[in-house]
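Enquirer: Given the sequences, and given the hints that come with them, work out the whole structure.
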Amino acid sequence: AKPAKGGAVRRFSLPLIELGEKEQKVPSLDFKAVVETDAARLAEAIEDVDIVGESVSFVIDKKKFKISAAGDLRKAEIEIEAGDGATIDAKEMVKSKFSVEYLKKMMQGGKLADKVVLRLSQDYPIKLEYTAVDKLHLAFILAPRVDND
88 AKPAKGGAVR RFSLPLIELG EKEQKVPSLD FKAVVETDAA RLAEAIEDVD IVGESVSFVI
148 DKKKFKISAA GDLRKAEIEI EAGDGATIDA KEMVKSKFSV EYLKKMMQGG KLADKVVLRL
208 SQDYPIKLEY TAVDKLHLAF ILAPRVDND
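Numbers in the numbering used here are just positions in the sequence shown, counted from 1, shifted up by 87.
These aren't lab readings, by the way, just hints derived from the structure by calculation. Quick caveat: nothing in here was measured; it's all calculated off a predicted structure. Please note that a few of the clues may not be correct.
[What the hints assert, rightly or not] Straight-line distance between alpha carbons at most 25 Å, and here's what the computed DSS-like set of lysine-lysine pairs gives:
1. 149 with 202
2. 214 with 184
3. 150 with 162
4. 192 with 153
5. 214 with 178
6. 153 with 202
7. 191 with 162
8. 151 with 178
9. 112 with 214
10. 222 with 153
[As the list claims (entries may be wrong)] Now the in silico label distances, taken between C-beta atoms and shown as ranges:
11. 97 with 148: 33 to 41 Å
12. 162 with 201: 26 to 34 Å
13. 188 with 164: 15 to 23 Å
14. 179 with 96: 38 to 46 Å
15. 135 with 198: 13 to 21 Å
16. 161 with 226: 17 to 25 Å
17. 148 with 117: 12 to 20 Å
18. 114 with 171: 26 to 34 Å
19. 160 with 96: 45 to 53 Å
20. 131 with 174: 12 to 20 Å
21. 179 with 222: 28 to 36 Å
Here a beta-carbon is modelled for each residue, glycine too, at the ideal position from N, C-alpha and C.
Expert: Next comes the structure, spelled out in structure tokens:
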């Protein structure tokens with residue numbers, strides 16, 4: 088590929104998880120809530136909750152997107168309201184918990200695109216999508232963290 092005038096060709100390699108030689112099929116998923124927000128804002132929130140715990144809860148309703156974590160006597164909570172840097176489309180209130188470690192790796196997509204779209208359902212995998220128009224579409228799917236109580 089030739090770079091645009093005055094530009095450069097860039098290639099990225101983002102090692103996340105070793106999948107082996109087998110090609111993975113993308114599952115067909117049905118999501119009940121979608122949030123579009125600033126990628127840097129989400130990455131900052133994930134960094135904040137990493138201080139508190141190993142897992143993060145995402146709660147989405149029609150008006151807000153809440154990111155929270157709790158640890159031994161510690162708690163962190165970030166709320167992003169619809170219209171305040173986020174677009175929210177929720178058919179119902181959903182809550183899911185995920186590994187902070189894997190989400191932090193997925194946040195690297197924010198280096199390539201300004202916005203991120205999160206698709207969730209109750210205790211269901213999350214799909215994160217980064218898109219730069221006419222340049223790239225990067226998507227991640229992460230299984231929820233299940234507590235064995």
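Enquirer: Within 25 Å, alpha carbon to alpha carbon, are residue 151 and residue 178?
Expert: holds, 13 Å
Enquirer: Holds or violated: 12 to 20 Å for the Cβ distance of residue 131 and residue 174?
Expert: At roughly 18 Å between Cβ atoms, residue 174 and residue 131 fall inside 12 to 20 Å, so the hint holds.
Enquirer: Mind checking the alpha carbons of residue 192 and residue 153 for me, to see if they're no more than 25 Å apart?
Expert: holds, 20 Å
Enquirer: For the pair supplied as a hint, residue 222 and residue 153, is the alpha-carbon distance within the 25 Å limit?
Expert: Violated, because 30 Å separates the two Cα atoms, which is more than 25 Å.
Enquirer: Quick check on a hinted range of 38 to 46 Å for residue 179 and residue 96, using CB atoms only.
Expert: At roughly 45 Å between Cβ atoms, residue 96 and residue 179 fall inside 38 to 46 Å, so the hint holds.
Enquirer: Does the beta carbon distance between residue 161 and residue 226 stay inside 17 to 25 Å, or does it fall outside?
Expert: Since the Cβ atoms of residue 161 and residue 226 sit about 32 Å apart, the hinted range of 17 to 25 Å is violated.
Enquirer: Residue 214 and residue 184 were given as a pair; does the straight-line alpha-carbon distance stay at or below 25 Å?
Expert: holds, 13 Å
Enquirer: I want to verify a distance hint. Is the separation of the beta carbons of residue 160 and residue 96 within 45 to 53 Å?
Expert: holds, 50 Å
Enquirer: Verify the CB-CB distance for residue 135 and residue 198 against the hinted window 13 to 21 Å.
Expert: This hint holds: roughly 19 Å between Cβ atoms.
Enquirer: Next pair to validate is residue 112 with residue 214; report whether the Cα-Cα distance is within 25 Å.
Expert: holds, 14 Å
Enquirer: In this structure, is the beta-carbon distance linking residue 148 and residue 117 contained in 12 to 20 Å?
Expert: holds, 18 Å
Enquirer: If you draw a straight line from the CA of residue 214 to the CA of residue 178, is it 25 Å or shorter?
Expert: Since the Cα atoms of residue 214 and residue 178 sit roughly 17 Å apart, the hinted pair holds (cutoff 25 Å).
In summary, the numbered hints that this structure violates are 10, 16.
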